[in-house]
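Asks: Assemble chain B onto chain A, guided by the hints.
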Amino acid sequence: MATFRLQGSKVLAVDLTGDAVKAKNGSMVAYDGRMAFKKLSGGGEGVRGMVTRRITGEQMEVMEVKGQGTCWFADRATEINLVGLDGDKLFVESTNLLCAEGSLRTGTSFTGLRGGASGQGLFTTTVEGSGQVAIMSDGPAVLLRVTPQYPLSVDPGAYIAHQGDLRQKFQSGVTFRSFVGEGGGEAFQIRFEGDGLVYVQPSERITVGGDA
Amino acid sequence: MPFREINSRMVEATVAPGQKLYSQRGAMLAYRGEVSFTPNSVGGRGGLMSMVGRRVAGEATPMMTVEGSGTVMFGHGGHHVQLIGLTGDTLCVEADRLLAFDGTLSQGTLFLGSQGGVMGLVRGQVSGQGLFTTTLSGHGSAAVMAHGGVIELPIVPGRPVHVDPQAYVAHHGDVQNKLSTALGWRDMVGRGSGEAFQLELSGSGAVYVQASEEKL
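Top to bottom, those sequences are chains A and B. Letter 13 of the first sequence, counting from 1, is numbered 113 in our numbering, and no numbers are missing. Letter 9 of the second sequence, counting from 1, is numbered 1504 in our numbering, and no numbers are missing.
Since the hints were made in silico from the structure, they are not lab data.
Computed list of lysine-lysine pairs in BS3-like fashion (alpha-carbon distance at most 27 angstroms, straight line):
#1 269(A) with 189(A)
#2 1673(B) with 138(A)
#3 166(A) with 138(A)
#4 1673(B) with 166(A)
#5 139(A) with 1673(B)
#6 1710(B) with 138(A)
#7 1710(B) with 139(A)
#8 139(A) with 166(A)
#9 1673(B) with 1710(B)
#10 138(A) with 189(A)
#11 166(A) with 189(A)
#12 139(A) with 189(A)
Covered stretches of chain B, going by a simulated chain A footprint (3 or more residues, C-beta under 8 angstroms):
#13 1636-1644
#14 1653-1665
#15 1697-1711
Since the model is a prediction, treat every value here as computed from it, not as a measurement. Glycine residues also receive a C-beta, built at the ideal position from the N, C-alpha and C atoms.
The shape of chain A in the complex, shown without the other chains (with noise of 0.2 angstroms):
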């Protein structure tokens, strides 16, 4: 199995002992032993995965990275998290997903109104089944925990992934007034209800609804 470990917070590292792994394209860094290094179209799924990715724009260019040592992963010297999967399911964008686990299964989900105010579009990307996998943060990420009695509200620029029993709604906060005027650069936020944790970057990507 495919061992995943931080080294310093922005190098991934991966041990492979003959299993295979989906990475980013061309994020790896540096690598020892045999690896193979093979684009997968569309990002996995076969036809149909390849088909949705291309509607929806969810576009993720992945590799499939198969050998026997250790294969290092960065990008952009973005810092790096790691996420265990438990039979469960991750939501995350598609620009903060590094590495999976080959075992995982990747699939694209609608997002709803939330995609189209944090400039991210109308799907996100999901990676179901259990093992390890590696997601991006501007900033080191906080996980933040929801349950059913403390429901939580994120700025969409902020947020990167969530994982759990979790409904998201898209929310405005601002009156016509603050809208024309006054506003607090809050104006849209992606609620959370339900049982899960929640992914949040301590930076705000240039958003519709964001205070640019």
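Replies: Leaving out everything else, chain B in the frame of chain A:
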């Protein structure tokens, strides 16, 4: 060792009378004491041959000599700074990544085309780093810049390390490097994984790899 890490982006060097160090011109951030900075017409020392080598190689990042008595802080462009200690071995690093180094180290240039034949020649073109690299050898330390953090990977005989040319920062020890490809011809023409070329480093030593594929 006169160098000390202040944080990941800044190093402090102590200079004493009779000692000197070299740094990239304009990399001084602050200093205490009586310290003078003299621009070098050609990077570092190493005599006429080194000078000629540098001119030809284009490895001519402007350097300055730092002398006097006090402490000097160095940093550049907000880049991550890594201190590398040398104990009689040779460090290979691109000149534009070299922030500062002990005056006790001797500097030279290495023609990379002589390693690995044609692929060695191609290396510079692929990595965008030219055909020559700067070498430092002796006892002392050097401060090297990188984008993002740096990891040090050991190279042991029989276990070569392959590095993305854009993520390569520097290496030291008794190491040969050549450009290798991890792909068959079919992969190259159609379906690139973005990992078409790597630098293969073999021998014994260590290679420094940055957490990014961006050049400085």
